[in-house]
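Going line by line, the protein sequences match chains D and E. Under the numbering used here, the first sequence is numbered contiguously, ending at residue 476. Under the numbering used here, the second sequence is numbered contiguously, ending at residue 476.
The reader is advised that the hints may include incorrect statements.
Each pair may be met inside one copy or between any two copies, as identical chains are not told apart.
Said to hold, decoys possible - List time: in silico SDA-like cross-link candidates among lysine to any residue, alpha-carbon distance up to 20 Å:
id: 1; residue 1: 108; residue 2: 142
id: 2; residue 1: 158; residue 2: 404
id: 3; residue 1: 116; residue 2: 97
id: 4; residue 1: 145; residue 2: 400
id: 5; residue 1: 315; residue 2: 400
id: 6; residue 1: 260; residue 2: 97
id: 7; residue 1: 295; residue 2: 400
id: 8; residue 1: 158; residue 2: 172
id: 9; residue 1: 297; residue 2: 401
id: 10; residue 1: 260; residue 2: 95
id: 11; residue 1: 426; residue 2: 129
id: 12; residue 1: 120; residue 2: 218
id: 13; residue 1: 104; residue 2: 350
id: 14; residue 1: 393; residue 2: 311
id: 15; residue 1: 112; residue 2: 93
id: 16; residue 1: 112; residue 2: 95
To be clear, the hints were calculated from the coordinates, so they are not data collected in a lab. What you are looking at is a predicted structure, and each value in this text was computed from that prediction instead of being measured.
Protein chains: 2
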Amino acid sequence: MENFTYLNPTKIVFGKDTVKDIGKNLYKFGSKKVLLLYGKGSIKKNGVYDTVVNSLKEKNIDFVEVSGVKPNPVLTKVHEAIKIAREQEIDGILAVGGGSVIDSAKAIAAGFYYDGDVWDFFEGKAKPYKGLPIFTVLTISATGSEMNSGGVITNEKENKKWAFGSPLVYPKVSIIDPTVQYSLPRNQTINGGIDAMTHVFELYFDKTKNNDIMDEVSEGIIRTVMKHIPVLLKDPKNYESRANLAWSATLALNRINGTGRQGGDWSSHMIEHSLSAFYDVSHGAGLAVIAPAWMKYVYKEDISKWVRFAEKIFNIHDGTDEEKALKGIDKLIEFYKKIGAPTTLKKLNIIEDDLEKIANNAALLCPMGNMKKLEKDDVLNILKIAYE
Amino acid sequence: MENFTYLNPTKIVFGKDTVKDIGKNLYKFGSKKVLLLYGKGSIKKNGVYDTVVNSLKEKNIDFVEVSGVKPNPVLTKVHEAIKIAREQEIDGILAVGGGSVIDSAKAIAAGFYYDGDVWDFFEGKAKPYKGLPIFTVLTISATGSEMNSGGVITNEKENKKWAFGSPLVYPKVSIIDPTVQYSLPRNQTINGGIDAMTHVFELYFDKTKNNDIMDEVSEGIIRTVMKHIPVLLKDPKNYESRANLAWSATLALNRINGTGRQGGDWSSHMIEHSLSAFYDVSHGAGLAVIAPAWMKYVYKEDISKWVRFAEKIFNIHDGTDEEKALKGIDKLIEFYKKIGAPTTLKKLNIIEDDLEKIANNAALLCPMGNMKKLEKDDVLNILKIAYE
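My request is simple: use the sequences and hints to build the entire structure.
In structure tokens form, the structure reads like this:
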């Protein structure tokens with residue numbers, strides 16, 4: 089187990105009928121006027137918008153709306169929101185949505201106080217020194233952004249989908265009401281679950297040895313997500329499954345699961361980001377294709393870990409280590425197929441000739457990964473494995 | 089799954105060679121003069137005292153010592169320390185030790201600002217409204233007090249071993265260096281592990297339904313503790329086992345594991361507290377006897393949970409539900425015997441005639457428990473099961 093420090097200052101309010109508590113929480117914090125940030129309007133259909141707005145009004149908290157945050161959220165939107173936030177002199181950000189909205193909120197919160205371009209944080213040219221307080225009402229369980237300090241934004245002019253992180257952008261309060269996810273489109277439930285699973289994979293397969301307790305926690309999260317996605321595909325309003333999936337997705341990336349590790353691998357995420365920098369692919373769908381391909385390419389670096397994965401997740405106990413490891417990866421792909429996720433780049437309508445371009449884009453971050461240090465050619469090989 | 093709120097503000101610094109970082113952390117916090125609280129001097133033998141004191145001196149942080157905190161820590165010591173803390177105008181408490189020292193620090197921290205008797209908090213007659221900041225250097229993994237907001241103190245005049253809790257007494261920073269536990273006496277490693285396991289039992293067996301994710305986490309903690317105690321009994325300086333046991337014990341009771349539950353049962357703890365209010369029994373040893381007896385008495389209240397326990401922890405898959413449940417409890421007792429823990433009150437040298445007195449003491453807190461609401465006669469029955 090590796091040395092670590094851990095501190096997570098986010099307060100979670102979890103459960104049925106909790107969205108209406110957002111006003112109370114902002115009031116406690118002393119907020120007077122917030123930037124209300126959301127996406128393309130699904131919150132107006134499912135009632136979340138009305139509940140939030142009423143809750144703010146009850147506590148006389150003023151708000152300015154910025155909407156239209158897209159999946160794979162873009163830098164121009166962040167710039168626009170920072171400008172409005174400054175003009176309107178808001179004192180906090182209320183992000184109502186999923187990872188895209190919350191990640192955008194983080195960039196806005198840190199960019200608000202920074203004279204240069206907020207993109208500098210993503211390029212590593214500057215570090216946030218202050219952040220607006222962030223509050224969230226989560227509407228899809230996937231990224232874990234509601235309880236961590238990272239965010240991913242696409243610089244659409246430069247085709248860079250990159251991440252930044254700072255302890256300053258942990259949300260102060262996040263409300264997770266699983267019932268608001270009853271109305272999620274089927275593919276968003278699937279992709280959200282796969283995103284959460286892949287976060288666990290990034291941490292679990294990172295070459296750390298002897299971290300039994302976090303391996304146990306990781307395996308517990310994976311089994312729980314895999315148990316409840318299929319239930320939700322048949323019964324989207326199953327509260328217990330929504331709740332188990334939601335809390336699992338948060339725990340997958342709230343840093344507890346990363347304690348005592350080497351920081352994770354993150355190649356699958358970086359490669360997927362290059363993919364969705366060019367194609368408007370849902371992050372979870374991209375990961376369903378990339379992560380297993382990455383596994384096939386690197387499993388020999390630590391075969392015992394993939395044997396453990398096969399045993400603990402899929403009950404595979406027969407065969408050589410090699411056979412068990414590969415069977416575990418196959419079973420994962422089989423699960424993805426079963427729940428209706430894409431499992432090849434071809435199925436995502438990626439043009440084969442573009443693989444080189446995607447690999448070149450990823451190469452900006454090479455060498456990447458911890459399980460195996462990947463160079464551009466490795467990335468290209470993984471993309472080829474993923475292709476069909 | 090139940091609704092919950094979760095916020096844990098404790099910063100954990102975990103790993104090899106981290107004790108020396110305590111001065112730096114206090115300095116960052118702005119501490120000038122702390123109460124240095126510890127036990128009966130083991131920290132002087134294993135070098136922790138010197139490392140802590142040097143670290144304080146390096147940052148010019150003044151300190152006043154109060155030592156002699158006993159296992160099953162007592163109220164008179166808390167009173168003594170509050171008096172000294174006030175006279176010396178300290179601005180924080182540095183607890184160096186295990187649960188007894190940290191629990192005492194919590195009572196001192198809250199009592200420091202309270203005009204009445206700090207015991208009022210334990211009786212529920214008053215609530216802490218302010219607390220001195222607490223910092224800890226953990227020397228034995230067991231209670232989880234290093235990352236939670238509760239404490240247990242014995243009022244020795246009234247034979248009451250009771251608990252209190254307040255968000256104000258979460259430690260600000262806790263340093264967990266597994267290497268300082270290399271020199272622990274064998275029975276303390278055993279009892280610490282059993283305490284951690286029993287915390288998980290209290291939460292796991294509390295009648296909550298459909299909390300798969302926390303059941304998984306609970307089972308992961310139990311398996312990890314059960315794997316590493318036997319290793320440590322043969323090889324007390326095995327770093328990986330010390331580290332896994334340490335982090336598991338913290339996670340067992342840092343409230344994550346309690347999320348989405350009904351608050352836990354806690355009968356085993358309350359009965360054990362009555363036992364050690366009269367007898368100087370180590371808490372973990374008492375729990376090794378009481379918790380399995382409690383299980384035998386109440387398992388029919390939720391037999392499916394004990395079946396799950398038998399399956400997930402001991403791989404028991406044959407027999408009726410009743411048989412599996414009972415076999416699981418027997419296997420737990422067998423494990424306790426194997427590691428050298430006492431498994432009957434008789435072996436703890438409890439006099440049979442005292443069972444009534446112990447049950448009467450526990451009855452002050454009746455009805456107790458969530459799995460089954462226990463009255464005094466139930467407690468007496470459990471003590472009788474535990475006797476031999």
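Those earlier numbered hints the structure runs against, lowest number first
Violated hints: 2, 4, 11; rest satisfied.
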